[in-house]
Amino acid sequence: GPKVLQIPSHQIIDMGQMVTLNCDPVSNHLYFYWYKQILGQQMEFLVNFYNGKVMEKSKLFKDQFSVERPDGSYFTLKIQPTALEDSAVYFCASSPDINTLYFGAGTRLSVL
Amino acid sequence: QEKVQQSPESLIVPEGAMVSLNCSFSDSASQSIWWYQQHPGKGPKALISIFSNGNKKEGRLTVYLNRASLHVSLHIKDSQPSDSAVYLCAVSPLIASSSFSKLVFGQGTSLSVVP
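In order, the protein sequences belong to chains G and U. Residue numbers for the first sequence, in the working numbering: 1 to 112. Residue numbers for the second sequence, in the working numbering: 1 to 115.
No wet-lab data here; the hints were simulated from the structure. Treat the hints with care, since some could be wrong.
[Claimed, not checked] Capping the alpha-carbon separation at 30 Å, the derived lysine-lysine pairs in DSSO-like fashion look like this:
#1 U:K57 - G:K53
#2 G:K53 - U:K3
#3 U:K57 - U:K42
#4 G:K59 - U:K45
#5 U:K77 - G:K62
#6 U:K42 - G:K57
#7 U:K77 - G:K78
#8 U:K42 - G:K78
#9 U:K45 - G:K3
#10 G:K57 - U:K57
#11 U:K57 - G:K59
#12 G:K59 - U:K77
#13 U:K77 - U:K57
#14 G:K3 - U:K42
#15 U:K45 - U:K3
#16 G:K78 - U:K45
[Unchecked claim] Here are some of the chain G residues that sit facing chain U, going by a computed Cβ distance under 7 Å:
#17 M43
#18 F65
#19 Y74
#20 S87
#21 T100
Since the model is a prediction, treat every value here as computed from it, not as a measurement. Think of the CB as a built atom: it goes at the ideal place given N, C-alpha and C, for glycine as much as any other residue.
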């Protein structure tokens, strides 16, 4: 089936540094999402993105977070600066419509 | 704020058994209810969705939705070891004209099918 690729699978950084998580969505998909999963907890919605714009974001999407998809390539989540509580697995998803989401395998972010 | 609760937390069954997974949600106006399967180290994969009250069957999977009781269940017939995974229930809140799908997930049920 359609594949969403996330790079890297694991990233370790020091608190206060900037990090960019990359997502290569399915090529003809139009809707993009980021979800956050803290160890042992459920996946939670962060943000959705369509036509170059953030359409909706949750209270977890702090001011230090930003998303973009420059030139229709990778869909990125940038955190600047990072905090200890940002340690989690971040899942990217893309969708051809507003219904079926296809998820990547996630990037595990460890903030030290 | 939509809330999704799943039970049981974990389940171990012998190969060939019927598996029943439960999910309750808080908003009867929620649009669609999805079941996702997640293997270790992988992202969730959509299995089946339902919108209308009643049941829907796809292969070995059957899902039942009762909006009045805010309950949905997933049944896996003739379970196989390859079905071993975490099963996530996800609810799509009622979509307003200016918003897009955002799934609210439960905490998952870990299923082990033993040969």
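Worksheet item: Under the criterion that the straight-line Cα-Cα distance not exceed 30 Å, is the pair K57 of chain U, K42 of chain U satisfied?
Response: Cα-Cα ~25 Å, so holds.
Worksheet entry | Distance restraint between K78 of chain G and K45 of chain U, which requires alpha-carbon spacing of 30 Å or less | holds, 25 Å
Worksheet item: Holds or violated: are the alpha carbons of K59 of chain G and K77 of chain U at most 30 Å from each other?
Response: violated, 39 Å
Discussion item. What's the verdict on K77 of chain U and K78 of chain G, does the C-alpha distance respect the 30 Å limit or exceed it?
Written reply: violated, 43 Å
Worksheet item: Given S87 of chain G as an interface hint, is the shortest Cβ-Cβ distance to chain U below 7 Å?
Response: Nearest chain U Cβ about 18 Å off; hint violated.
Discussion item. Check whether the Cα positions of K45 of chain U and K3 of chain U lie no farther apart than 30 Å.
Written reply: Measuring from Cα to Cα gives roughly 21 Å; hence the hint holds.
Worksheet item: Within a Cα-Cα threshold of 30 Å, do K57 of chain U and K59 of chain G meet the stated pairing?
Response: The hint is violated at about 37 Å.
Item to complete: Would you mind confirming whether the straight-line C-alpha gap from K42 of chain U to K78 of chain G stays at or under 30 Å?
Response: holds, 22 Å
Worksheet item: Is K77 of chain U within 30 Å of K57 of chain U, Cα to Cα?
Response: Since the Cα atoms of K77 of chain U and K57 of chain U sit roughly 11 Å apart, the hinted pair holds (cutoff 30 Å).
Worksheet entry | Hinted pair K53 of chain G and K3 of chain U, Cα distance within 30 Å | OK: K53 of chain G and K3 of chain U at ~27 Å, within 30 Å.
Discussion item. Given the hinted pair K3 of chain G and K42 of chain U, is their Cα-Cα distance within 30 Å?
Written reply: Judged against 30 Å, a Cα distance of about 11 Å means the pair holds.
Discussion item. K57 of chain G and K57 of chain U were given as a pair; does the straight-line alpha-carbon distance stay at or below 30 Å?
Written reply: Between K57 of chain G and K57 of chain U the Cα gap is close to 34 Å, so the pair fails against 30 Å, i.e. violated.
The structure is inconsistent with the numbered hints 1, 5, 7, 10, 11, 12, 18, 19 and 20, although it conforms to all the rest.
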